[in-house]
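Below, each chain spelled out in residue letters.
Number of protein chains: 2
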Amino acid sequence: MDPISKKTTAKIERLAEAVMKTVKKGGNPFVEIPVRSLANVKWSEKHRLVELGDQKQQRYFFNVSMAKKFMQTFLVSDACKELIESGKTTSIRDLYYVTKHTIGDTKQNTFDEQDESDPIIEDLEVAIDALREELHLFASRKGSMVGPITIRDTGDTIDLRRMGSGGWAVPSIVEENVIQFEKHEAKYVLLIEKDAVWTRFNEDKFWKREKCIILQGGGQPPRGVRRLVQRLHKELGLPVFVLVDNDPWGFYIYSVVKQGSINLAYESMRMAVPDARFLGLSSFDKEKYKLPDNVAITMDDGDVSRAKQMLAYPWFGRKEWQKELREMMASGKKYELEALSRRGISFITEEYLPRKMRDRDWLA
Amino acid sequence: MDPISKKTTAKIERLAEAVMKTVKKGGNPFVEIPVRSLANVKWSEKHRLVELGDQKQQRYFFNVSMAKKFMQTFLVSDACKELIESGKTTSIRDLYYVTKHTIGDTKQNTFDEQDESDPIIEDLEVAIDALREELHLFASRKGSMVGPITIRDTGDTIDLRRMGSGGWAVPSIVEENVIQFEKHEAKYVLLIEKDAVWTRFNEDKFWKREKCIILQGGGQPPRGVRRLVQRLHKELGLPVFVLVDNDPWGFYIYSVVKQGSINLAYESMRMAVPDARFLGLSSFDKEKYKLPDNVAITMDDGDVSRAKQMLAYPWFGRKEWQKELREMMASGKKYELEALSRRGISFITEEYLPRKMRDRDWLA
Chain U
37 MDPISKKTTA KIERLAEAVM KTVKKGGNPF VEIPVRSLAN VKWSEKHRLV ELGDQKQQRY
97 FFNVSMAKKF MQTFLVSDAC KELIESGKTT SIRDLYYVTK HTIGDTKQNT FDEQDESDPI
157 IEDLEVAIDA LREELHLFAS RKGSMVGPIT IRDTGDTIDL RRMGSGGWAV PSIVEENVIQ
217 FEKHEAKYVL LIEKDAVWTR FNEDKFWKRE KCIILQGGGQ PPRGVRRLVQ RLHKELGLPV
277 FVLVDNDPWG FYIYSVVKQG SINLAYESMR MAVPDARFLG LSSFDKEKYK LPDNVAITMD
337 DGDVSRAKQM LAYPWFGRKE WQKELREMMA SGKKYELEAL SRRGISFITE EYLPRKMRDR
397 DWLA
Chain S
37 MDPISKKTTA KIERLAEAVM KTVKKGGNPF VEIPVRSLAN VKWSEKHRLV ELGDQKQQRY
97 FFNVSMAKKF MQTFLVSDAC KELIESGKTT SIRDLYYVTK HTIGDTKQNT FDEQDESDPI
157 IEDLEVAIDA LREELHLFAS RKGSMVGPIT IRDTGDTIDL RRMGSGGWAV PSIVEENVIQ
217 FEKHEAKYVL LIEKDAVWTR FNEDKFWKRE KCIILQGGGQ PPRGVRRLVQ RLHKELGLPV
277 FVLVDNDPWG FYIYSVVKQG SINLAYESMR MAVPDARFLG LSSFDKEKYK LPDNVAITMD
337 DGDVSRAKQM LAYPWFGRKE WQKELREMMA SGKKYELEAL SRRGISFITE EYLPRKMRDR
397 DWLA
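Residue numbers (the numbering used here), protein chains in the order written: chain U, 37 to 400; chain S, 37 to 400.
Isolated chain U, as found in the complex:
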């Protein structure tokens, strides 16, 4: 068993041992679980992350309202331990089916729907401080990657300089026991919101010319892509640049990559990249890059209220970000990355990006 799997198994065992100890003493066994509700989420100025606070709840066995969840927690723990020991991984949907039983001669199921087992998985993650990937559970995956780097993926050596038009499909689990980085000449990582724009960058061999790793996550990047970007940043010391649409949704994608999200605050430490830089589209690019009015899209009410929310996020409190958001709201217009194609199909790879990098025209 690899070191990560050993560590995770030991964590699950410790959880069970603590309970057994209480049972032997004749006590009421419980599991202690950090609270994942909004009330226990805070912005840490020091870590520059959206983090979980210190509140914890006890889940007791001898308690009518808690007994089922207590049992479910150990059912899921046990299934994950088995997964890890067998060296297999699976989806959270699959885990639901694996652990679904009808209890004895009753009509009672261990779980009736997946929306019962998913929160238990999250409970276990925070209770033992392990990412679900370390529990051998994967999320749905999307996204692709190419660049001047060789990786190892479950024993196969893959040269991401020679991946054609398709690229390497980023899996959901990209922990060190699965993916290792080998030789590379990359100077930075470029995370692109849209697969179509990524295809433009790949086709123009931008990554070769500029020595960078390009990734796309098909909109809001999935866990695998975010974790991989964090590892490239931390382990290889590569700066991370994010390229998204000029709209509140694009800004939100950047925000999640940078400091995590409120819903998944407990995993920010393992997913977020507080140093990630916002490269564009900036609300001021329409002027700088002479985009005609007819490629602008009028913001709708949803956009406006989303932008207002962001104005109030502490991590968008800096003068430059307030200016950026206010300009978008004042104009009432948003722009897609594809709008740059109005200036030419490769304008984005040949003029926009090179000028942005040369002028260090980004926000952090």
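Just so you know, these hints were derived from the structure itself, not from any lab.
None of the values given here were measured: they were computed from a predicted structure.
Each hint should be verified, as a subset may be incorrect.
Any copy will do: because identical chains look the same in the list, a pair fits if it lies in one copy or spans two.
Calculated cross-link-like contacts (lysine to any residue; reagent style SDA-like; alpha-carbon spacing at most 20 angstroms) [as the list claims (entries may be wrong)]: (1) K326 / T135; (2) K324 / Y349; (3) K322 / D395; (4) K223 / R313; (5) K369 / Q150; (6) K117 / T193; (7) K270 / D189; (8) K326 / E363; (9) K78 / P350; (10) K124 / G380; (11) K124 / K244; (12) K355 / A366; (13) K244 / G191; (14) K124 / R245; (15) K241 / N213; (16) K219 / T45; (17) K143 / D329; (18) K124 / E386; (19) K322 / H137; (20) K47 / F66; (21) K270 / P310; (22) K82 / Q266.
For chain U, the structure is supplied; the task is to place chain S on it using the hints.
What follows is chain S alone, placed relative to chain U:
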């Protein structure tokens, strides 16, 4: 320029030349476009495909209601010709931006929204009988592939036997000028509906043991995956097996892979695989593979009416298919592929699939 691009460019030129000829003669220039409406879609028993019929419409220049679309058709043709000549590809969203202009001093735009340019692209496809991929336009992409085959992708040689847990990300354009097949030991192609199930097959190295190529398209497979499956079938003579959920949506996915869809009937010839076999989940598998009742999902009204529609499809007219669909409706239950995990996490790769193949237990 590669042969496919040359051919497509010539087709666009012929379209323009025909119009110019009419102009020189003082006539009313027009483009002839096969009708894409439901009334002109038929099931061809001979080809076993959903096909376009013979109805055509003329789009005239000197006609108030047609002039704008006539102009748009040539605007799109021109942009595609430029794309092909520059050796670049782009998305249909991008093409919309590229071709969007405000005309002269008017407030009139060539296109106001993408839903105006998309049908024009389809018109051009049918008018000159070229897939949009041949026009260098790509759709959004998803899906991954591994197996005992080496491919070339835009000049890079990629060994799909050594793609780790991620796999090769299938691009949207997979025509012969982009993707070529090299050495392979595959005996068949297995198209899996769900990425999570594909991951199980990849992790268990099913493709290595059984010598097959495994692909997933994240639900309804995108154009790139469908076209690639067709090419693997036609060029390498590999049988194609489809593995989907036991529900009307899963059956529909199989149906589209096999004979195309009504909406995109004009491309069935280039996308569909009439010989594709349905491997499962069959409505009779719950008995054969002893699935407990508690993993069944009750069909809702939408499921039932969808299943009824399929009963009436001519290509589901064979006795076996009627039996299959009637069994699903009689039980009122549907099953996901993941339900097999109730029998063990690798039951699907170690028992289910091998037995299906051994017993030749599939529907064609």
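Evaluated hints:
When the C-alpha separation of K326 and T135 is checked against a cutoff of 20 angstroms, the pair qualifies only between copies, where the shortest distance is 17 angstroms, while the shortest distance within a copy is 57 angstroms. For the homomeric pair K324 and Y349, neither the shortest alpha-carbon distance inside one copy (27 angstroms) nor that between copies (56 angstroms) is at most 20 angstroms. Taking the shortest Cα distances, K322 and D395 sit within 20 angstroms of each other inside one copy (16 angstroms), while across copies they are farther apart (63 angstroms). Taking identical chains as interchangeable, the C-alpha atoms of K223 and R313 lie at most 20 angstroms apart only when both belong to the same chain, with a minimum of 14 angstroms there against 48 angstroms between chains.
Taking identical chains as interchangeable, the C-alpha atoms of K369 and Q150 lie at most 20 angstroms apart only when they sit on different chains, with a minimum of 17 angstroms there against 40 angstroms within one chain. In the homo-oligomer, the alpha carbons of K117 and T193 never lie at most 20 angstroms apart, since the shortest distance is 28 angstroms inside one protomer and 39 angstroms across protomers. In this homomeric assembly, K270 and D189 come within 20 angstroms of each other (Cα to Cα) only inside a single copy, at 19 angstroms, whereas the closest approach across copies is 32 angstroms. In this assembly of identical chains, the alpha carbons of K326 and E363 lie at most 20 angstroms apart only when taken from the same copy (16 angstroms versus 62 angstroms across copies).
Proximity of K78 and P350 under a CA criterion of 20 angstroms is satisfied intra-copy only: 10 angstroms inside one chain copy versus 59 angstroms between copies. Only between protomers do K124 and G380 lie at most 20 angstroms apart by alpha-carbon distance; the minimum there is 12 angstroms, versus 48 angstroms within a single protomer. For a Cα distance limit of 20 angstroms, the shortest separation of K124 from K244 across copies, 17 angstroms, qualifies, whereas the shortest one inside one copy, 36 angstroms, does not. Taking the closest pair of Cα atoms, K355 and A366 come within 20 angstroms of each other only inside a single copy of the chain (16 angstroms); across copies the shortest separation is 65 angstroms, beyond that limit.
Taking CA atoms no more than 20 angstroms apart as the test, K244 paired with G191 passes between copies only; the shortest distance there is 15 angstroms, against 25 angstroms inside one copy. In this assembly of identical chains, the alpha carbons of K124 and R245 lie at most 20 angstroms apart only when taken from different copies (17 angstroms versus 39 angstroms within one copy). In this homomeric assembly, K241 and N213 come within 20 angstroms of each other (Cα to Cα) only across copies, at 18 angstroms, whereas the closest approach inside a single copy is 30 angstroms. Proximity of K219 and T45 under a CA criterion of 20 angstroms is satisfied in neither setting, with 31 angstroms inside one chain copy and 42 angstroms between copies.
Proximity of K143 to D329 under the C-alpha cut-off of 20 angstroms is restricted to the inter-copy arrangement: shortest distance 11 angstroms between copies versus 63 angstroms within a copy. Only between protomers do K124 and E386 lie at most 20 angstroms apart by alpha-carbon distance; the minimum there is 14 angstroms, versus 44 angstroms within a single protomer. Proximity of K322 to H137 under the C-alpha cut-off of 20 angstroms is restricted to the inter-copy arrangement: shortest distance 16 angstroms between copies versus 58 angstroms within a copy. Taking identical chains as interchangeable, the C-alpha atoms of K47 and F66 lie at most 20 angstroms apart only when both belong to the same chain, with a minimum of 16 angstroms there against 73 angstroms between chains.
Taking the shortest Cα distances, K270 and P310 sit within 20 angstroms of each other inside one copy (11 angstroms), while across copies they are farther apart (50 angstroms). In the homo-oligomer, the alpha carbons of K82 and Q266 lie at most 20 angstroms apart inside one protomer (18 angstroms), although the nearest pairing across protomers, at 55 angstroms, exceeds that limit.
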